[in-house]
Amino acid sequence: MASEPQGGLTEYISHHLKHLTPHTSPEGFWAVHVDSVTVSLALGVLFCLWFWAKARKATAGVPGKGQAFVEIVLEFVDGQVKDVFHGDRRVLGPLALTVFVWVFLMNAMDLLPVDLLPWITEKFGIGHFRAVPTADINMTFAMSLTVLLLIIFYSFKAKGFGGYMHEMFTAPFGKHPLLWIPNFALNLVELLSKPVSLAMRLFGNMYAGELVFMLIAGLFTAGSWALYGMGIIGYTVWGIFHILIISIQAFIFMVLTVVYISMAHDHH
Amino acid sequence: MDFNATLIGEMIAFAILIWFTVQFIWPHINKAIEERQLKIAEGLDAAERARAELRDADSKVAAEIKVARQQAAEIIDRAQQQANQILDKARADAIGEINRLKASAQDDIASMAQRAREELREKVGALAVQGAAKIVQREIDPAAHKALLDQLATEI
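Protein chains in written order, with our numbering: chain E, 1 to 268; chain Y, 1001 to 1156.
Chain Y with its partners taken away, still in its complex shape:
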């Protein structure tokens, strides 16, 4: 055991080293570490928040898709109903038109038949007059015997 001045010198050196570490090394590194700890904590928080937001957004999107699908189904339903209505109406219109056309054609036919009948009656009347004139050999005044001829014509 040979103690000597080395001891005191080393004590001073040790004290200086401690001072240096206290002053220049520890605070800087410790600060960096603490700041990084804070940053990491914030980062983890942010990630957690983002995950929660994503979950929210996902559920929101799902809900919206559901609503949109419902709306689409409703629109299709309504469109089908409308199409059916249009079709029904068109069918009804067409049937009405057909009936109307049929009725007017029947009217036409009826009036034409009437006219033909009248013409025929008149011609028959005239023929009857000529025939009668030939039979009685004398002129029958068509004007004087109009009432008689008309009566004849109606009887035919």
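So here's chain E without its partners, still in its complex pose:
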């Protein structure tokens, strides 16, 4: 596909940046990104089954390596939550675990060779396939908007509807009626900036990472052995660096989710 004579690299990249959509509706609201949905659901199910299998057989005795690994992940997440949030962790802990592992797994799709999944799907006659759900803005916003709903839910739960509204209109400037509108505007911006920053940060990082992989992969078809070698080196170096990025992005997403929700619990 990258061997088209005209504008090879641009073609290659723009081809790779197209999401898989049902043929009947290539544009508009119902142009569901089948690739993002498939991969994210597959990874979600993988996460659930994997951790559930370990959880079901979890014993207090000497743990197997699989159980120990799952426990390490869980304790790591729990420790992060404990540092930020001082309260009942029975929901926030699992939420953070889900965010961390799921985002990490989806990010990790970036480490697959950039052409591998598209090449496989092409054998089945499917032209476009993007393997990294977190490089799809729908995916990251789906998560961050869910987090926003949870922020609002926990704000209501912790402060009550009246308390929350009172806070929205009177903090941070004061109780004077003239200040209600500025207060509310500021709080609204603050509230809405949370999901946007959360989603855009993850999306931007993963999209850029994917793009760099594509650019490097372009070297393979550049037609020179020197460039081919550089491609291999570049792909390896960027891949190793990307292990760090995907972990950090999953971690940041988790920690910020926990921070935002624990802030919803706090009174101003």
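Just so you know, the hints here were simulated from the structure itself, not pulled from any lab data. It is possible that some hints are incorrect.
Unchecked claim - Quick look at which bits of chain Y chain E covers, simulated, 3 or more residues with Cβ under 8 Å: (1) 1035-1049; (2) 1057-1070; (3) 1112-1119.
What the hints assert, rightly or not - Restraint-style ranges between C-beta atoms, simulated for each label pair: (4) E:Ala-171 with Y:Phe-1003: 28 to 34 Å; (5) E:Ala-171 with Y:Trp-1019: 47 to 53 Å; (6) E:Ile-232 with Y:Ala-1046: 30 to 36 Å; (7) Y:Glu-1064 with E:Lys-65: 47 to 53 Å; (8) E:Trp-180 with Y:Ile-1016: 37 to 43 Å; (9) Y:Ala-1063 with E:Arg-90: 29 to 35 Å; (10) E:Glu-167 with Y:Phe-1003: 27 to 33 Å; (11) Y:Ile-1016 with E:Trp-238: 30 to 36 Å; (12) E:Met-165 with Y:Trp-1019: 24 to 30 Å; (13) E:Arg-90 with Y:Phe-1003: 31 to 37 Å; (14) Y:Leu-1044 with E:Leu-215: 51 to 57 Å; (15) Y:Ile-1016 with E:Lys-65: 45 to 51 Å.
What the hints assert, rightly or not - Short derived list, chain E residues pointing at chain Y, Cβ under 8 Å: (16) Val-32; (17) Ala-55; (18) Ala-142.
Where a beta carbon is used, it is the ideal one built from N, C-alpha and C, also for glycine.
Starting from the known structure of chain E, fit chain Y onto it as the hints suggest.
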């Protein structure tokens, strides 16, 4: 930025994943971890206790060994004293026995000498009578002259 129905689908999927984790994953693993923490804490406690008990037992054993050693020394002392006493007594008994035997032997000797002397005296008396008879050429009645002869015998 092409938002579409993917967003809503993924939100639902995310919510379901969170629910699943809250319900089926977190509690079980967390329980296992907490139970194990408890177990480890108990194990460490038990080890600490066992170590303390061992220390106690060691000191107790040392004390008992000390006491036993003292007792053994006392017993040996007493045995030596007793042996000495027995030896002393045996020596004293032996000396007493020797003295007694010596005394009775001396008595025997003395009485035998006495008897010999008397026999000798009588024989000398008889010899003296015979000698005197031969000298006076006549029979001296030993019965009539007994007092005289006895006197003679004592004088010899």
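Quick rundown of the hints versus the structure:
1. 1035-1049: holds (count 4)
2. 1057-1070: With 0 residues in contact (Cβ-Cβ under 8 Å with chain E), the coverage given for the region 1057-1070 of chain Y is violated.
3. 1112-1119: Answer violated; 0 residues pass the 8 Å Cβ test.
4. E:Ala-171 with Y:Phe-1003: 28 to 34 Å: holds (31 Å)
5. E:Ala-171 with Y:Trp-1019: 47 to 53 Å: Once the Cβ atoms are compared, 32 Å apart, the range 47 to 53 Å for Trp-1019 of chain Y and Ala-171 of chain E is violated.
6. E:Ile-232 with Y:Ala-1046: 30 to 36 Å: Distance hint for Ile-232 of chain E, Ala-1046 of chain Y is violated at roughly 57 Å.
7. Y:Glu-1064 with E:Lys-65: 47 to 53 Å: Between Glu-1064 of chain Y and Lys-65 of chain E, where Cβ atoms are some 49 Å apart, the hint holds.
8. E:Trp-180 with Y:Ile-1016: 37 to 43 Å: Holds: the Cβ-Cβ distance is about 38 Å, inside 37 to 43 Å.
9. Y:Ala-1063 with E:Arg-90: 29 to 35 Å: The hint (29 to 35 Å, Cβ to Cβ) is violated, given that Ala-1063 of chain Y and Arg-90 of chain E are roughly 55 Å apart.
10. E:Glu-167 with Y:Phe-1003: 27 to 33 Å: Cβ of Glu-167 of chain E to Cβ of Phe-1003 of chain Y: about 30 Å, so the range 27 to 33 Å holds.
11. Y:Ile-1016 with E:Trp-238: 30 to 36 Å: Holds - the Cβ-Cβ distance for Ile-1016 of chain Y and Trp-238 of chain E, about 34 Å, lies within 30 to 36 Å.
12. E:Met-165 with Y:Trp-1019: 24 to 30 Å: Holds - the Cβ-Cβ distance for Met-165 of chain E and Trp-1019 of chain Y, about 28 Å, lies within 24 to 30 Å.
13. E:Arg-90 with Y:Phe-1003: 31 to 37 Å: With Cβ atoms ~33 Å apart, the hint holds.
14. Y:Leu-1044 with E:Leu-215: 51 to 57 Å: holds (55 Å)
15. Y:Ile-1016 with E:Lys-65: 45 to 51 Å: Violated, at about 29 Å.
16. Val-32: Holds: closest Cβ of chain Y sits about 5 Å from Val-32 of chain E, inside 8 Å.
17. Ala-55: holds (4 Å)
18. Ala-142: holds (3 Å)
The structure does not agree with the numbered hints 2, 3, 5, 6, 9, 15 stated previously, though it agrees with the rest.
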